[in-house]
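Please put together the full structure from these sequences, using the hints given.
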Amino acid sequence: MKLPDSKDFWSGVMLIAIGAVAVFIARDYPFGTALRMGAGFFPVVLGVVLMLFGLAFAVRGLRDSAKIEGNWSLRALIVLPLAFVAFGVLMEHAGFVPAMLALTAGSAAAGPEFRIGEVLALSVLLTIMCVVLFIWALGLPYPLIVGM
Amino acid sequence: MDLFHNLIFGFGVALSWQNLLYCLIGVSVGTLIGVLPGIGPLGTIAILLPITFNVAPVGALIMLAGIYYGAQYGGSTTAILVNLPGETSSVVTCIDGYQMARQGRAGPALAIAAIGSFFAGTVGTLLIALFGPPLAEVALEFAAPEYFSLMLMSLVAAAVLAQGDMAKSFAMVALGLLLGIVGTDVNTGVQRFSFGITELSDGIGFIVVAVGMFAMGEIIANLGDPEERSVFAAKVTHLFPTWADMKQSIGPILRGTAIGSFFGVLPGTGPAIASFSSYIVEKKVAADPSRFGRGAIEGVAGPESANNADAQCKFIPMLTLGLPASGVMALMLGALTIQGIQPGPEVMTQRPELFWGLIASMWIGNLMLVVLNLPLIGVWVKLLTVPYRLLFPAIMAFSAIGIYSVNNSSFEIYLTALFGVLGFVWTKLGFPAPPLLLGFVLGPMMEEHLRRAMLMAKGDPTVFVTRPISLAFIIVTLAIVVVMVAPAMKQRRGEITG
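Chains as they are written, first to last, in the numbering used here: chain A, 1 to 148; chain B, 1 to 498.
Calculated directly from the structure, the hints in this document are not laboratory data. Check each hint, because a few of them may be wrong.
Derived CB-CB ranges, DEER-like [as the list claims (entries may be wrong)]:
| # | chain 1 | residue 1 | chain 2 | residue 2 | range |
| --- | --- | --- | --- | --- | --- |
| 1 | A | Asn71 | B | Val476 | 38 to 46 Å |
| 2 | B | Gly196 | A | Ala20 | 18 to 26 Å |
| 3 | B | Pro134 | A | Arg36 | 34 to 42 Å |
| 4 | B | Val370 | A | Ala20 | 50 to 58 Å |
| 5 | B | Gly164 | A | Asn71 | 17 to 25 Å |
None of these values were measured; they are calculated from a predicted model. Don't be surprised by glycine CBs; every beta carbon is placed ideally from N, CA and C.
Now the structure itself:
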């Protein structure tokens with residue numbers, strides 16, 4: 001059997017999953033009474049609401065099949081978050097300058113065009129700008145390079 | 001007179017040189033991002049929020065507000081000159097504005113857009129000054145049930161009036177509410193959805209969600225569908241509109257201002273709805289509707305006034321009730337909270353300099369936009385030639401530093417990346433992002449008020465309909481649902497049976 005490729009169907013699946021996870025986790029929180037609502041009341045109600053929405057979308061998606069428009073821009077979808085993660089890791093272990101260089105060059109690599117010379121110049125320029133603006137002018141307390 | 005006295009006080013605050021500088025920075029950045037497509041006021045304000053930590057609350061709000069209404073100006077400039085709406089609110093301006101430019105009347109189009117916006121901005125400022133204090137006075141009487149009903153009303157209105165699929169907007173509101181409760185429950189101390197991660201026990205950072213969805217998610221989408229940007233800029237020769245132009249524009253400016261002010265206080269409506277409605281009205285009342293689409297100056301004057309009036313009046317519920325009527329206002333509310341100010345009707349009495357200073361600065365900012373921007377139009381248009389591939393790494397860099405500087409935490413950087421991906425996927429699936437942000441901001445407050453109301457009423461849920469003000473909000477909520485949802489259901493049934 002082929003999976004339905006409608007936008008609404010997958011929206012529904014996603015919401016059901018999120019709602020179910022929320023209810024599952026929140027089952028351990030005290031639900032409370034109407035008078036004294038516990039920590040679990042709001043999450044469980046919201047989880048159920050999300051599941052109901054999900055169900056409605058999934059059913060709608062089986063009937064009507066408006067496809068997802070445009071492309072998934074897979075390259076940007078993967079590379080851009082990775083550049084961010086690299087920034088986070090390098091900020092902790094290597095310092096501001098390497099983190100900035102990795103982030104700007106990494107971000108540029110997410111675009112459809114990658115010109116090595118231009119990207120290098122851009123990364124260096126942006127890094128210098130940010131060092132001047134954030135570290136020297138605004139005084140953010142990050143080491144430029146760890147251990148130096 | 002009180003109003004007069006208050007406004008003088010406000011101008012005193014806004015005219016200090018620091019605040020003038022913040023206002024200038026705000027409107028310049030606003031114009032800049034208004035001109036550039038692919039980055040809107042939501043993303044920009046989210047990115048700049050952390051930088052405002054070190055600024056006094058008044059200055060921070062003045063600057064952020066400047067970005068917001070400055071973007072409306074910038075958006076119309078590119079709409080008229082290069083047929084490219086920098087912001088969604090200027091889509092309508094393209095229709096007749098660009099035609100005017102092609103007929104060699106770019107100058108008058110730009111000028112009338114600026115004049116209309118300035119007039120609307122002035123009226124908007126006056127409206128806030130007039131209606132803010134009495135509204136806040138009423139709101140001071142609100143207890144938990146009223147607040148809960150009011151928030152329910154604004155969330156429902158936001159979901160119903162948002163652009164796109166209504167059911168999906170509702171789902172996003174619910175999702176936002178759910179995300180909002182991550183962290184330690186204030187009443188019982190129970191850790192909710194924190195998965196044993198210490199960073200999550202304070203909840204998900206507001207900036208993390210906003211930057212992830214509105215900056216990174218947006219960039220991912222833009223990189224996927226690169227748009228052709230052919231810059232064919234019309235030459236601006238003479239700026240001043242003729243007397244006939246002015247006479248033709250007075251009516252549209254007045255009507256546009258009224259329409260924009262009306263939509264402004266409604267939650268969930270963006271400036272785009274106001275400008276679009278104004279365009280339709282102008283076309284209806286015109287003696288010769290066929291001129292529209294061929295360079296009718298009314299088609300520029302009306303919508304441009306409407307979107308600016310809308311932008312200004314969005315501040316009314318935010319400042320008086322602590323209620324965000326749009327995504328940008330949710331960010332403003334976030335900015336207040338970050339500064340340690342509890343949003344609500346008390347702001348006006350406890351921090352009068354904040355309220356009146358902001359109002360006065362908005363008028364000053366509008367003036368700056370007219371005086372500074374018309375001569376600088378050439379510069380802004382040149383900026384359009386900066387390719388996006390050089391722009392977005394810079395946006396990413398500012399975002400990352402901004403988020404990291406909040407808590408010096410790499411974890412929040414990773415979380416932002418996650419929300420970037422989620423934001424992109426949700427948009428792809430047809431879920432509008434702003435309702436999620438509203439739910440996220442209001443979630444904890446709503447839960448708090450619900451629990452307090454139930455305690456107050458000893459567990460009796462009828463408390464929401466037995467108190468008159470709360471009942472009024474509930475009735476309005478139901479009315480919105482009936483008016484907006486019923487036709488959609490009918491249409492749907494028609495589609496299925498027919």
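Going down the list of hints, with the structure as the test:
no. : hint                           : result
1   : A:Asn71 x B:Val476: 38 to 46 Å : holds (42 Å)
2   : B:Gly196 x A:Ala20: 18 to 26 Å : holds (20 Å)
3   : B:Pro134 x A:Arg36: 34 to 42 Å : holds (36 Å)
4   : B:Val370 x A:Ala20: 50 to 58 Å : holds (54 Å)
5   : B:Gly164 x A:Asn71: 17 to 25 Å : holds (20 Å)
Comparing the model with each earlier hint shows no violations; every hint is respected.
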